[in-house]
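> Each chain is listed here by its residues.
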Amino acid sequence: MAAGEIWITGLGLVSCLGEGREAHRAAFAAGVAPPVDAATYAPFTVHPGPAVNLDVQIPKKGDQRQMEPWQRLGTYAAGLAIDDAGARGLVSDMDLIVAAGGGERDIALDEGVMAALAGLPPEEAAPKLNEMLANGLRPTLFLAQLSNLMAGNISIVHGVTGASRTLMGEEAAGADAVRIAAMRLAEGRGRIALVGAAFAAARWDMMVLYHTGGLLRRGPWAPVFSREDAPGAVPGTLGALLVVETAESARARGARGLARLNAVVTAQARRERGEDGRDAMAHAFARMAPALRDERLAVISGATGVAGPTVAEREFLGALTRPLAVRAAGSRLGWGVEAAFPAGIATAALALSDGALPAPLEALEAPFEGVPRDVLVTGFAAWRGEALAHLSAIPEGDQP
Amino acid sequence: MSDLDHVGRPVVAVTGIGLVTPLGFGVAANWAALLAGRSGIRRIARFPTEHLKTTIAGTVDLPEEAGGAPLVSSRRVLRLATMAAEEALAMAGLGGGDFPGPLMLGMPPVETEWPHRFALSARAAEPRYPALADAATGQEWLYREAAFAPVGEALAARLGTRGAPVAISTACATGASAIQLGVEAIQRGEAEAVVAVGADGTVQAEALIRFSLLSALSTRNEEPTRAARPFEKSRDGFVMSEGAACLVLESLAHARKRGAAVLGLVRGAGEKSDSFHRTRSNPDGGAIIAAMRRAIADAGLRPADISYVNAHGTGTPENDKMETLGMRAVFGGDAPPISSNKSMIGHTLSAAGAIEAAFSLLAIRDGVLPPTINHDEPDPAITLDVVPNVAREAKVRHALSNSFGFGGQNVCLILSGAPA
Numbered sequence: 006m007a008a009g010e011i012w013i014t015g016l017g018l019v020s021c022l023g024e025g026r027e028a029h030r031a032a033f034a035a036g037v038a039p040p041v042d043a044a045t046y047a048p049f050t051v052h053p054g055p056a057v058n059l060d061v062q063i064p065k066k067g068d069q070r071q072m073e074p075w076q077r078l079g080t081y082a083a084g085l086a087i088d089d090a091g092a093r094g095l096v097s098d099m100d101l102i103v104a105a106g107g108g109e110r111d112i113a114l115d116e117g118v119m120a121a122l123a124g125l126p127p128e129e130a131a132p133k134l135n136e137m138l139a140n141g142l143r144p145t146l147f148l149a150q151l152s153n154l155m156a157g158n159i160s161i162v163h164g165v166t167g168a169s170r171t172l173m174g175e176e177a178a179g180a181d182a183v184r185i186a187a188m189r190l191a192e193g194r195g196r197i198a199l200v201g202a203a204f205a206a207a208r209w210d211m212m213v214l215y216h217t218g219g220l221l222r223r224g225p226w227a228p229v230f231s232r233e234d235a236p237g238a239v240p241g242t243l244g245a246l247l248v249v250e251t252a253e254s255a256r257a258r259g260a261r262g263l264a265r266l267n268a269v270v271t272a273q274a275r276r277e278r279g280e281d282g283r284d285a286m287a288h289a290f291a292r293m294a295p296a297l298r299d300e301r302l303a304v305i306s307g308a309t310g311v312a313g314p315t316v317a318e319r320e321f322l323g324a325l326t327r328p329l330a331v332r333a334a335g336s337r338l339g340w341g342v343e344a345a346f347p348a349g350i351a352t353a354a355l356a357l358s359d360g361a362l363p364a365p366l367e368a369l370e371a372p373f374e375g376v377p378r379d380v381l382v383t384g385f386a387a388w389r390g391e392a393l394a395h396l397s398a399i400p401e402g403d404q405p
Numbered sequence: 023m024s025d026l027d028h029v030g031r032p033v034v035a036v037t038g039i040g041l042v043t044p045l046g047f048g049v050a051a052n053w054a055a056l057l058a059g060r061s062g063i064r065r066i067a068r069f070p071t072e073h074l075k076t077t078i079a080g081t082v083d084l085p086e087e088a089g090g091a092p093l094v095s096s097r098r099v100l101r102l103a104t105m106a107a108e109e110a111l112a113m114a115g116l117g118g119g120d121f122p123g124p125l126m127l128g129m130p131p132v133e134t135e136w137p138h139r140f141a142l143s144a145r146a147a148e149p150r151y152p153a154l155a156d157a158a159t160g161q162e163w164l165y166r167e168a169a170f171a172p173v174g175e176a177l178a179a180r181l182g183t184r185g186a187p188v189a190i191s192t193a194c195a196t197g198a199s200a201i202q203l204g205v206e207a208i209q210r211g212e213a214e215a216v217v218a219v220g221a222d223g224t225v226q227a228e229a230l231i232r233f234s235l236l237s238a239l240s241t242r243n244e245e246p247t248r249a250a251r252p253f254e255k256s257r258d259g260f261v262m263s264e265g266a267a268c269l270v271l272e273s274l275a276h277a278r279k280r281g282a283a284v285l286g287l288v289r290g291a292g293e294k295s296d297s298f299h300r301t302r303s304n305p306d307g308g309a310i311i312a313a314m315r316r317a318i319a320d321a322g323l324r325p326a327d328i329s330y331v332n333a334h335g336t337g338t339p340e341n342d343k344m345e346t347l348g349m350r351a352v353f354g355g356d357a358p359p360i361s362s363n364k365s366m367i368g369h370t371l372s373a374a375g376a377i378e379a380a381f382s383l384l385a386i387r388d389g390v391l392p393p394t395i396n397h398d399e400p401d402p403a404i405t406l407d408v409v410p411n412v413a414r415e416a417k418v419r420h421a422l423s424n425s426f427g428f429g430g431q432n433v434c435l436i437l438s439g440a441p442a
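Order-wise, the sequence lines are chains A and B.
Per the numbering used here, the very first residue in the first sequence carries number 6; after that it's consecutive.
Per the numbering used here, the very first residue in the second sequence carries number 23; after that it's consecutive.
In isolation and in its complexed conformation, chain B is listed as follows (with noise of 0.2 angstroms):
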């Protein structure tokens, strides 16, 4: 294979991936529960959870939280997203803190939350902002907590990345953002490798009642494990999770010429926003399918190229039902399989573009569609090949990865197999 595509550009290769969801820590131990068609969706043992409509997450509990307060988003957002980084650059051979490009970080927006504000409080003459101010005096800590760029410093620092850390946010298509970021620095010459990680960790009191309302969230809380339920009959809603994922791409001329091993390819990327709404998609799915469309065309394919689609399937009754007009408009009446990640993991929002595009890469390798679970009796309105309940082997040469935002936000990937 060339260390060119098709229009030119130089090829991007994954060299490093790294994972932690509610699945576990590390990427053998998430494609594993993951094959297994396991849940990583429990009961909130975080905070106390009187007064929520729903009390049901993935989360990943830090060793470090036992008995303790649990972390602040954006110490957890890092923790994670250190973790899966650290676990890809030692992968493809770039651990040791001196990394040969920059990074590309997809996270959630971070803000002062409730422990700051009762931190200021206490030490404030009465519960009101201007007290909260004058006590805010010399609290740097607290800076680091709630600003933006301390996240993307903090991670740029350890990995020893090269240049201004890049942060970004397009709500459930973070994610894929991030490493469409790192994949475009590539292709224009910009960087020779780039470290893309798709981060959150925002299963915190305030979130989740924000997400209830907007009647996002599943509330079948009684049955943790099955509450997830993509393209299912009797889906309400999704999981809200947490996690990381951390690809390392680089020129196939740059992996090539330190031998390192390459993993796969990103071949492509495609994105298109709507402006029907703030959370829905237009009812004509003109959005997604051009994202799908885009990203198919940017990879120098066709749709039957395509063997593979790992979903957006949030199991909201709205997205499924979009994702699967969007499908048939790409696709026709042969559609590839599709599955969603989230059934297990639940979704993970600023993470999940990229830890489906991890998985996405690890189907193509081992040749293996992951399953959609929980899924018991069939919407008839979405007649495509969900990958019911147990996983399947399969030839996969190309894979889409379908990424889509509140705010209208889309964004789809191409992955596919390393060259012979």
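This is chain A alone, in the form it adopts within the complex (with noise of 0.2 angstroms):
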């Protein structure tokens, strides 16, 4: 156990395959299509969110209510993170350090201002839209989908009051939140962390922002890497926090580690220059390299369909001349934005636990039969950023 050895110790995983740590193994393992919803949002096609009794992590009705269904999400992973690496008696000086959306609307109260205003001069819509507003707006709504206000909920909710910081920028910002929570806890600043994302899918406002950047599939649910017919990402109803914690408290509190988390490298490409990310990429594992050991490598792919970075993302891992074995987290996660690369980290850290990759969906993904020590996590993410990240297996020895 090297000094500045960092583990994750917990995993809150909700997702279109159900909710944790047995719901996604099993899920994984058999290798089929995850749930979709092609109707309700066509031409979009949507991975929904499960069920979840939310009173099992948010007791309250009164938090339950001031929430929009993303911070409920994450509120609710939060907890299950905690649960899972049983963390509950160092809620009070563990750190918060998560990626957030926001922007969630009141559907009825918008349709209703732009069918009364349509075709109003702009001197008669703007006091128009003053008094629906004022009239219309829930008075918590705007906490309600405030972005650092997931962070705030699960401070009230789970009594996590360290540090608390809320990063934004889409995928970039779910890798950053990770790559700095590792960072903090390498050089000695708190010893366990939260952190994570949560992204509410099943929203026509977010449809139409995301189609805005041309990055949503039109058209059935295919693979990410079989999307050349319509390219895009598919979203997907995603929370994912994650427990992180020194090697060495995680031992002294005899907690077990599901993965050791050994770099993080973020970056991000001028793509509108042209560059796409692999050179940055390409040098980020070349110093991750001398640490894998000469196997065959699991990859934890998030590629999200979208043609561009998806292109970058195959040339870049054609590139490292050596034995793959890819598993898209988007194919069987769906995009969850913000929540995709620490859904990726959770999903690497599940495989190095159990000893299993995810079962192969298409071509691209070739059979694994052995048992994944080292797994290299990517985010080539839809519209900036890319992130890349090596996870290993906690030799049984270095276990408490």
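Simulated from the structure, these hints should not be mistaken for lab results.
Note that CB positions come from ideal geometry on N, CA and C, so glycine has one too.
No more than 30 angstroms apart at the CA atoms, straight line, and that leaves these computed lysine-lysine pairs for DSBU-like:
{"hint": "1", "chain 1": "B", "residue 1": "Lys-343", "chain 2": "B", "residue 2": "Lys-417"}
{"hint": "2", "chain 1": "B", "residue 1": "Lys-255", "chain 2": "B", "residue 2": "Lys-75"}
{"hint": "3", "chain 1": "B", "residue 1": "Lys-343", "chain 2": "A", "residue 2": "Lys-65"}
{"hint": "4", "chain 1": "B", "residue 1": "Lys-255", "chain 2": "B", "residue 2": "Lys-343"}
{"hint": "5", "chain 1": "B", "residue 1": "Lys-75", "chain 2": "A", "residue 2": "Lys-133"}
Between beta-carbon pairs, the in silico distance windows are:
{"hint": "6", "chain 1": "A", "residue 1": "Ala-43", "chain 2": "B", "residue 2": "Pro-85", "range": "45 to 53 angstroms"}
{"hint": "7", "chain 1": "B", "residue 1": "Lys-417", "chain 2": "A", "residue 2": "Gly-402", "range": "58 to 66 angstroms"}
{"hint": "8", "chain 1": "B", "residue 1": "Ala-147", "chain 2": "A", "residue 2": "Glu-136", "range": "20 to 28 angstroms"}
{"hint": "9", "chain 1": "B", "residue 1": "Ala-147", "chain 2": "A", "residue 2": "Glu-128", "range": "21 to 29 angstroms"}
{"hint": "10", "chain 1": "B", "residue 1": "Pro-85", "chain 2": "A", "residue 2": "Thr-45", "range": "41 to 49 angstroms"}
{"hint": "11", "chain 1": "B", "residue 1": "Met-23", "chain 2": "A", "residue 2": "Asp-98", "range": "29 to 37 angstroms"}
{"hint": "12", "chain 1": "A", "residue 1": "Arg-327", "chain 2": "B", "residue 2": "Gly-160", "range": "33 to 41 angstroms"}
{"hint": "13", "chain 1": "B", "residue 1": "Met-23", "chain 2": "A", "residue 2": "Arg-327", "range": "48 to 56 angstroms"}
{"hint": "14", "chain 1": "A", "residue 1": "Ala-28", "chain 2": "B", "residue 2": "Leu-26", "range": "45 to 53 angstroms"}
{"hint": "15", "chain 1": "A", "residue 1": "Asp-60", "chain 2": "B", "residue 2": "Thr-77", "range": "38 to 46 angstroms"}
{"hint": "16", "chain 1": "A", "residue 1": "Arg-70", "chain 2": "B", "residue 2": "Pro-85", "range": "43 to 51 angstroms"}
{"hint": "17", "chain 1": "B", "residue 1": "Gly-281", "chain 2": "A", "residue 2": "Asp-284", "range": "29 to 37 angstroms"}
{"hint": "18", "chain 1": "B", "residue 1": "Ala-147", "chain 2": "A", "residue 2": "Ala-191", "range": "49 to 57 angstroms"}
Dock the two chains into a complex; use the hints.
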């Protein structure tokens, strides 16, 4: 056990596949297409979230009412992660570093405003807009959709009251949350942190936003590397919170680690200049490579299905010139935006602790029979940002 | 002074400052106005205010908006952040589009706004979201204005910062959090230099209404310049405002090596979140007390070493009462002077922590404390020296800057003078 070693000691994963480690283990092993809803948001397909009993992790109805769906999902998943890590006793000094979106709308109010004001000249529309919003907005909606209030609610509901930071910026924010949490722990700032994000996919307001960026697949579900007919992401409701902890802390309290988090690197290519991030990721990989065992390398891919970054990732992986077993988290969980990279880390940690990669879903996903001991997690984001992480199995002798 | 601090971390120097607030553009104009006790609060002219409970704000009106449509928030945030950053980088001698470190950007959440929805609605078959989605096809310009990443992306490209920009939101503590992220990156040797920015530009109708619905805003609409009254008996809420500040942070070693003028130090930071309520502190003040104490300890100082506190001081009845409680708990009977810049610039929200850190550094540099204006009748419950109404000369070696956010996110910074 090296100084500065970081372990993942708890997972709070909620997705279309269910909630918790057991549900995801079973679904990953089954190797079948994940649940989809192709009708409600047509022409877009989404992966709906599972029905969860919110009361289990958010006991007060008053708290539940103060949150929009993504905040509830994140707060729920945070509770799962804390329980999974057996870390309820450590929350008062647990640091909280999350990534968040926001901007969930009151759809009915918005549609009412648009219907009422369409065609009015601006000087008439603006005062009327004031009136409709002042009378129509729920006072609680602001805080319920505000980005930093997922963290605020995690503090209130679970008592997590160390540092609290909310990063913004889609997938890149999720990757930086994991990176910054790991770096702070490695340098001795705190002993345990809760990191991750949550995203509620089944919403028209989110469809409108991401479709303006041309990021969504229009058409039926297909695995991410088989979307040439209609490139794009299939959004998935996803809560992915992780408890990360110094190995020293975990061992001292007798907590088993699920995986070692060895390195997280983030970068941002200037895509508008034609850069695609392969160089920065290849450089990052070169620094990780000496620590990798000389065997088929398991990769949990963050590929989204959006054309440019998906091609860039395939070329990056191809240039590694070593046998790979790629599994796309997005083909199983959907595109969870801020939650995508933390979910990739969670999927890798689960594979390492279970000793099994998910079953393949498409031709590009080569069979892998053995027990994964190193996993690479990629994150070539749909719009901007690239990330790479290396996790490895914790030798039994290092466990408490 | 050593290049390393009391626990062996690189000392973090400030070599550039940039400021934009309703008081003006640039450090010189802002500092002069602040010391003169001038208010930047006025009646809102950006949009009609019929049906609004609050019709005043601090606004930064941009030349390109004159006579045309106002910018949406994300574009205003980018514009203000760019102005502050370019001033700071020029001061540091690090302009020119190749900055030797990353960008840490404190900014408000952005989202689709009414101009966006109306633009889509005008193209849509009916005023319903599914039709809006159809009309959204190919409207990439809107994604650049309504998604989170594009603001940092555009600013990083403009400044030539390295690596992925990090954007952070901790409500009213955001600007301080951005500085803290930069300080930590330098302290752990991840970066030699960081551009830390706090920016906000969300004075628009819906945002104002949202704060109104939380009963957070002053409704003293008839006297805009007298509406922000932190620590004063008749205070009735904060005044929404906007602006930006940038600090160029460098390891002291890096600054010395390149011969840069050091304006001051960020000597420490502390944070502690609250679990009590979404908009209120725990009545015991535990989290804000812990944040102040942690910042002082992180700087290797004792409370008695702090000679000025730049208040969070929003002017809400609740905040100022709790901040007073926290001050007494940390400093006892001998609390240093505390003043609120928000009495003049209003609450610049995501920018406030950065703007107030910048003003704290200027107070140390010039040996003068900015006042808390509109201090007509003291609140008997607030026994602090709030530097009422008039700036005061005072030698300050170490200042504490407080930022307490909705959602219970509390961050405090310790700003110190340049080493002799």
